[in-house]
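*Asks:* Working from the sequences, and respecting the hints, build out all of it.
Each number in our numbering corresponds to the 1-based position in the sequence shown with 847 added.
Honestly, I wouldn't trust all of these hints.
[What the hints assert, rightly or not] Computed list of lysine-lysine pairs in BS3-like fashion (alpha-carbon distance at most 27 Å, straight line):
#1 K983 with K935
#2 K962 with K902
#3 K983 with K1079
#4 K935 with K987
#5 K1079 with K987
#6 K906 with K962
[Stated by the list, open to error] The calculated label-pair distances, taken between Cβ atoms and stated as ranges, are:
#7 L1085 with A933: 27 to 37 Å
#8 V882 with E1144: 28 to 38 Å
#9 L888 with Q1035: 52 to 62 Å
#10 P918 with G1131: 19 to 29 Å
#11 V890 with K962: 12 to 22 Å
#12 A901 with V943: 24 to 34 Å
#13 R1039 with A1108: 16 to 26 Å
#14 G1131 with D1041: 26 to 36 Å
#15 A933 with V905: 32 to 42 Å
#16 W1109 with P1009: 27 to 37 Å
#17 H1118 with W925: 33 to 43 Å
#18 G960 with A901: 10 to 20 Å
I should point out that these hints are in silico values taken from the structure, not numbers from a laboratory. Where a beta carbon is used, it is the ideal one built from N, C-alpha and C, also for glycine.
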Amino acid sequence: MMESREGGVSPEAARGFAQELGGGWEALKRAPRGVLLLVALLVALYAPVVAEAAKIWVKDENQAHGVFIFPISLFLLWMLRREIRAAKPQPTTLGVWLLGFGLLIQTASWVLGIKWFPMLSLIPVIAGTVLALHGKNLWKVVAFPVCFLFFAAPMPDIIILPLSTEVQNQSTTGSVILMSSLGYPLIQTGNRIDTPTISVEVAEVCSGFKKLTALVAFAFLYGYVFNVSLWKRAVLVLAAYPIALLANIIRICALIFIGSAWGQHALEGAHDWAELSVLVISFGLFVLLGRILGCRELRFAL
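*Replies:* Listed below in structure tokens is the structure:
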């Protein structure tokens, strides 16, 4: 992108951006009415689903990453706009079946009161719509941004609780082992760590699960944006668990150190800062791993 001498965006770049937006609007107006009606119906059908999921993203810290998923997917689609325009139409009836399958899942989920599947059903619905109206060439371009919406679906407790408990237990035990090896006198009782002066409770909300889910989503995104091979993407995804666990152990150890040195009041004051700093550290470790794996060339120019 060209910049003006003052450091802002050049008039040429601004005009180009406006032309692209205008071209997209003109293409939308030229679309058949049947297509526009179908899109409008799907938006009306899934608006309540997204609104319900948004309530969970805001209330549940384990699901907070969901707030960023739709904006990220939309940004990726914008970055792929040239490939989207270049995709040759090749509609397939498979899309109709996939669309019907997605709508069936959405309907069954609504009838049964299942909160996880309505959002997940959005993926086959969008995929089916793309395949039926345009074809596989366009789907190949938009497949990742659409499938990335998987991480917007609020995960059910049947999945969250076992994973959260496992991360919680391993974080507590790992912290005790590390700090004991450094000479700190500790007693572990379940997920409670006692020292001669303070007590640290590794609660479920602090188990590290929310870092794990965010890191898994980031792993898929990172591997896609840097256009690396499948085995490197797999390494990034598999590394999310040990990185999240290590980050949480570092946080707990830091709290034990602070509490032992300056007391319970200092421990409570450092809690939120420790959470934020370790989140930064965990993403930093992830980027470092990406560099080691050769994640340097972006899929598209920014």
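*Asks:* Taking each numbered hint in turn, which are not upheld by the structure, reported in ascending numerical order?
*Replies:* none
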